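*Asks:* If you want the building blocks of each chain, they are given just below.
There are 2 protein chains.
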Amino acid sequence: MLDAIKRLREKTKAGMMDCKKAIKEAAGNVEKAIEILRKRGIKLASEKSSRVTKQGCVESYIHMNGKIGVLVEINCETDFVARNEEFRKFSKDIAMQIAAARPLYVKKENVPEGVLEKEREILAASMKDKPKEALEKIIDGRIEKFYEETCLLEQPFIKDPKIKIKDILHSLIAKIGENIVIRRFSRYQLGEEQ
Amino acid sequence: MLDAIKRLREKTKAGMMDCKKAIKEAAGNVEKAIEILRKRGIKLASEKSSRVTKQGCVESYIHMNGKIGVLVEINCETDFVARNEEFRKFSKDIAMQIAAARPLYVKKENVPEGVLEKEREILAASMKDKPKEALEKIIDGRIEKFYEETCLLEQPFIKDPKIKIKDILHSLIAKIGENIVIRRFSRYQLGEEQ
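From first to last, the protein sequence lines stand for chains A and B.
For the first sequence, the working numbering assigns the number 660 to the initial residue and increments by one for each residue that follows.
For the second sequence, the working numbering assigns the number 660 to the initial residue and increments by one for each residue that follows.
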């Protein structure tokens, strides 16, 4: 209970008594307590100030004299690590990877369900003559291939195709001892359709 | 129908007969016809080659050692102009402008109707005591101000606030004699919410 009150205060910066009452009413559920506070019209800490908590860096890479450009945000936990040379080298490698290997998503979970369904549908339709059991296996394999092509973390590293981007990320996390997240990226190719 | 077939061929580089059949099956819908072709396993031209039609450059700008990053695509008509020094200087200025003045849209027309309505609603609610005729004038003025803050082309240039970005763009177009378009941009600020 005390722990929940503390977390609620950290999240909302609302007064002690308000937080106590809200937590009691929400039976210890912090999210519910936030709702209760909001419904009462109690002013919560501006969402923005509570948002800007992450460290890291925004890195860019311009390829072929401006024909392709990449912007990527990579987060870590402390400003100390953000200035670390290996972290910076990793960020540069990732920007270059995105330029060369044109991923569409950071990770598997970011592929929209509709895109996956469409992909499965098209694959199935193009292999109608195959027996059903074989078909499912083939499609699963092709979907893995699809992930490898479209998801940054699943892609083979352009400088060393034997390892995947997620492997480099994981060994960097292990080495530095801080969580590191590739958060978002943009890749522009001159004249492409949006 | 003929027009749709032509567009399908341009987009896919698939054979004439295949395109004819697919368009017929799709009742003239080009996107649907592309799907039909893919389902039949017909190899389409790589998307890349059909997309890259415009010239220009993609420029980036990284501010404060990676706390803010900008990516911007600026188009012109010929590769000759894309390599022009003034065009490049303009691109760099625009990237810096976006980093410093944080626009949300390229131009007025890009502001979604819902955003404008919301803005008007909030302004009206905050000035309920004003007489109606005065109110409308004030709101129009405030909306202009809103454009100046959020639309890149309406913003005062950071290096010379007496002129607007669109003025610099127009004089560059007049000087170079080619149409120039600021097409799209991304601005990442470390840790901000998306």
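Watch out, some of these pointers could steer you wrong.
As the list makes no split between identical chains, a pair holds if one copy fits it or if it spans any two.
Listed below are the simulated DSS-like cross-link pairs for lysine-lysine, each with C-alpha atoms no more than 25 Å apart in a straight line [claimed, not checked]: (1) 821 x 789; (2) 679 x 748; (3) 748 x 726; (4) 698 x 777.
Hints in this document: simulated from the structure, not taken from any laboratory.
From a predicted model like this one, the values you see are computed outputs, not experimental measurements.
*Asks:* Checking residue 698 and residue 777: alpha-carbon separation at most 25 Å within a copy, between copies, both or neither?
*Replies:* Between copies only: 10 Å across, 42 Å inside.
*Asks:* I want to check one pair: residue 748 and residue 726. Are their C-alpha atoms no more than 25 Å apart within a copy, between two copies, both, or neither?
*Replies:* both (23 Å within a copy, 16 Å between copies)
*Asks:* For residue 679 vs residue 748, is the C-alpha pair at or below 25 Å within one copy, between two copies, both, or neither?
*Replies:* Neither. Shortest intra-copy (47 Å) and inter-copy (51 Å) distances fail the 25 Å Cα cut-off.
*Asks:* Pop the pair residue 821 and residue 789 into one bin, within, between, both or neither, using alpha-carbon distances up to 25 Å.
*Replies:* neither (32 Å within a copy, 69 Å between copies)
This entry does not satisfy hints 1 and 2, going by the numbered hints stated previously.
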